[in-house]
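Number of protein chains: 2
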Amino acid sequence: MGPSQLPFSRHEYSRRLRKTRAAMDEAGIEALFVTDPSNMAWLTGYDGWSFYVPQGVLVLPDQDPVWWGRAMDGNGALRTVWMESDRVTVYAEEYVQSTVRHPMQDLAAKLADWELGSARIGVEMDNYYYSAKGHAALTGSLPNATITDATGLVNWQRGVKSDEEIAFMRKAARISEKIVDGLLDRIEPGVPKHEVVADALRDAIRGTGDAWGDYPAIMPMLPSGIDASAPHLTWDGRPFASGEATFFEIAGCYRRYHAPLCRTLFLGTPPDDMLRAEAAQIEGLEAGLDAARPGNLAGDVARAVKDALARAGIDKRGRVGYPIGLSYPPDWGERTVSLREEDETVLEPGMTFHFMPGLWMDDWGLEITESILIRDSGPAETLCNRPRRMFVKP
Amino acid sequence: MGPSQLPFSRHEYSRRLRKTRAAMDEAGIEALFVTDPSNMAWLTGYDGWSFYVPQGVLVLPDQDPVWWGRAMDGNGALRTVWMESDRVTVYAEEYVQSTVRHPMQDLAAKLADWELGSARIGVEMDNYYYSAKGHAALTGSLPNATITDATGLVNWQRGVKSDEEIAFMRKAARISEKIVDGLLDRIEPGVPKHEVVADALRDAIRGTGDAWGDYPAIMPMLPSGIDASAPHLTWDGRPFASGEATFFEIAGCYRRYHAPLCRTLFLGTPPDDMLRAEAAQIEGLEAGLDAARPGNLAGDVARAVKDALARAGIDKRGRVGYPIGLSYPPDWGERTVSLREEDETVLEPGMTFHFMPGLWMDDWGLEITESILIRDSGPAETLCNRPRRMFVKP
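Chains as they are written, first to last, in UniProt numbering: chain A, 1 to 394; chain B, 1 to 394.
Some clues are possibly wrong.
[Said to hold, decoys possible] So the derived list for chain A, only partly shown, Cβ under 8 Å to chain B, looks like this: (1) Tyr52; (2) Met72; (3) Asp149; (4) Pro192; (5) Gly213; (6) Asp227; (7) Gly237; (8) Arg319.
[As the list claims (entries may be wrong)] Pairs of lysine-lysine, DSS-like flavour, derived with a Cα cap of 27 Å: (9) B:Lys19 <-> B:Lys110; (10) B:Lys110 <-> A:Lys133; (11) B:Lys133 <-> A:Lys110; (12) B:Lys133 <-> A:Lys19; (13) A:Lys133 <-> B:Lys19; (14) B:Lys110 <-> B:Lys133; (15) A:Lys133 <-> B:Lys133.
[Claimed, not checked] Covered stretches of chain B, going by a simulated chain A footprint (3 or more residues, C-beta under 8 Å): (16) 131 to 140; (17) 326 to 339.
If you are wondering where the hints come from, they were derived from the structure by calculation, not from laboratory data. Cβ coordinates follow ideal geometry from the N, Cα and C atoms, glycine included.
Using the sequences and the hints, build the whole thing.
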């Protein structure tokens with residue numbers, strides 16, 4: 001049993017491993033235990049909805065990575081990773097959600113077997129699905145190892161995308177456009193929200209052309225009216241109403257790569273304060289796209305946006321974007337750079353961000369956003385191509 | 001701004017809080033910090049896709065719970081929780097995915113302000129989204145507190161469902177039936193898998209009758225042929241093929257309550273070993289349903305299934321089910337009881353399980369499962385009503 005269809009070339013996986021090993025070397029880490037499902041997939045191709053139990057990939061300086069997980073998921077690893085079958089190892093089913101055993105005890109025993117019991121081992125202490133108890137079980141079972149925090153070490157290697165990755169994100173962008181087109185078309189006063197979401201998810205998974213749709217790492221968020229003062233509400237069965245704005249925060253996803261796109265639709269006649277905010281948000285987006293050039297800082301983009309909003313009297317709090325690419329639930333961000341004033345990361349060609357200067361006010365919300373690619377020179381490219389404005393239906 | 005439509009009565013939330021406080025008292029915990037989004041929603045009604053950043057609910061013995069989360073999500077809390085607005089408190093946006101600050105430092109400062117700096121505080125060390133680094137930041141910032149592991153404390157209170165909860169699960173079960181009916185109808189040789197999944201998700205969200213569909217905590221898993229030897233693969237764009245079985249593991253979801261249902265469809269003529277396994281799995285399900293009576297043990301159900309499978313020469317590894325109810329990604333299980341031989345939990349009326357004796361063999365998989373309710377007496381009730389067999393299309 002081997003992998004059935006790896007998303008990327010072996011060359012691409014080699015590139016990723018090389019970058020990660022260099023970062024491990026710089027951090028003085030002899031073995032890196034990667035639990036973030038996005039990092040696992042980026043390094044090995046592993047793909048499955050098994051991240052609700054402990055699992056991980058062990059990266060070593062001079063041997064192929066080892067996939068470690070639940071017995072039941074070993075076949076899934078054999079079907080999806082590029083490594084040979086002897087690099088897939090599992091823990092027994094009786095460890096799963098047990099009140100008396102912890103899977104990390106199995107991992108610790110295996111690490112000791114592999115003569116890593118006294119090694120300097122990096123773990124992703126603040127990445128998803130690495131629990132406080134798992135960490136305690138691992139450190140408690142490996143008293144002679146030096147277990148150090150390597151949060152984000154792999155995530156930082158993912159920032160600059162390869163051509164293969166950018167091609168995936170362009171496919172995701174076509175799907176995002178299709179989802180937004182459908183939402184703009186179908187939202188009408190009186191139509192129940194869940195029916196529109198049902199069609200949006202259908203559009204997302206049907207995809208476009210040769211791009212079948214994968215599940216997005218975040219479900220559609222599309223609050224209306226006063227609910228839109230809260231960015232992260234999903235949906236219910238109530239109908240859309242006249243006199244309310246709805247923003248939709250969605251992403252097309254192709255083989256786990258995302259291209260988020262948000263637009264806002266007002267049913268009726270928008271109030272003046274929303275129209276002023278719309279104009280300021282668009283001006284901020286344009287200023288930010290112009291600032292998103294190689295050599296500039298992440299903070300420069302944030303400053304460009306906030307200055308434009310400030311001229312309209314809007315005090316924008318919080319960051320205005322984050323890196324995107326390969327992701328699993330619960331987040332489609334990469335959790336490294338933030339487009340916020342204090343962030344001094346230098347922008348490089350091939351970096352991709354969800355540029356997202358959302359406004360959530362006391363009784364409405366406005367989201368007009370773009371997925372962007374830092375080019376070799378000049379302003380950023382937007383991966384999607386849809387009018388950058390608030391839409392209005394009378 | 002108050003909650004727009006609480007899913008449950010105030011009486012129901014009082015019941016939940018009372019049970020949780022009694023368990024805290026028994027565990028000697030003065031304050032319980034709950035981060036599992038399922039537990040947060042069960043206790044307070046909070047509902048939003050914000051669990052990708054640190055957040056939680058603080059349960060206290062003699063005051064209403066406190067919702068704590070990101071500044072941007074405060075409005076979402078005000079829109080969804082039953083507590084008064086002064087019980088919603090937030091941390092500033094600059095803590096979000098920062099490389100220099102951790103949100104748990106904000107929580108620690110607030111706990112100290114609330115005179116809990118020397119208290120005995122329970123945390124969910126092995127529940128979702130409570131990271132090792134968050135735990136280290138909290139314990140490091142509260143040197144005089146006694147921080148103890150309260151993993152699953154709330155989850156265990158959720159096991160026996162109220163009538164209000166069972167009514168929600170019955171609605172979810174109607175949605176599950178609709179999804180399975182659609183899959184059985186639409187899967188044909190040559191049809192691309194993602195197109196069928198797109199329609200299944202549309203069915204899931206459109207719901208049935210007065211039940212709008214919520215997103216399931218796990219996306220559809222429906223591997224075919226040899227891929228079905230791996231239980232947790234999702235989908236891709238390849239067509240269904242004759243001579244292969246596909247199992248589908250799905251759940252309808254109504255207001256976060258799930259009723260998983262799995263069936264298997266063979267395109268063509270099933271081989272004898274699958275037919276034998278099907279007969280044994282059905283016999284195991286029937287024996288297990290009969291054993292799933294109040295007063296029996298969780299392990300009794302597992303033994304009934306394994307005995308039936310053993311008679312057919314099948315050595316079933318792993319548990320055969322887990323409790324279900326309210327859930328958020330990445331899991332629709334409650335992570336307390338396991339239907340495995342060593343589990344001595346006594347079954348009680350009102351408990352609900354996904355009874356799931358799946359078989360994943362070397363080159364195929366077979367899933368025929370039921371969501372079940374432990375009755376006041378007699379065998380368990382199945383929440384869904386669909387033929388309990390492998391389906392075959394010539």
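Hint-by-hint comparison with the structure:
{"no.": "1", "hint": "Tyr52", "in the structure": "holds (4 Å)"}
{"no.": "2", "hint": "Met72", "in the structure": "holds (6 Å)"}
{"no.": "3", "hint": "Asp149", "in the structure": "holds (7 Å)"}
{"no.": "4", "hint": "Pro192", "in the structure": "holds (7 Å)"}
{"no.": "5", "hint": "Gly213", "in the structure": "holds (6 Å)"}
{"no.": "6", "hint": "Asp227", "in the structure": "holds (6 Å)"}
{"no.": "7", "hint": "Gly237", "in the structure": "holds (3 Å)"}
{"no.": "8", "hint": "Arg319", "in the structure": "holds (7 Å)"}
{"no.": "9", "hint": "B:Lys19 <-> B:Lys110", "in the structure": "holds (26 Å)"}
{"no.": "10", "hint": "B:Lys110 <-> A:Lys133", "in the structure": "holds (24 Å)"}
{"no.": "11", "hint": "B:Lys133 <-> A:Lys110", "in the structure": "holds (24 Å)"}
{"no.": "12", "hint": "B:Lys133 <-> A:Lys19", "in the structure": "holds (24 Å)"}
{"no.": "13", "hint": "A:Lys133 <-> B:Lys19", "in the structure": "holds (24 Å)"}
{"no.": "14", "hint": "B:Lys110 <-> B:Lys133", "in the structure": "holds (18 Å)"}
{"no.": "15", "hint": "A:Lys133 <-> B:Lys133", "in the structure": "holds (11 Å)"}
{"no.": "16", "hint": "131 to 140", "in the structure": "holds (count 6)"}
{"no.": "17", "hint": "326 to 339", "in the structure": "holds (count 6)"}
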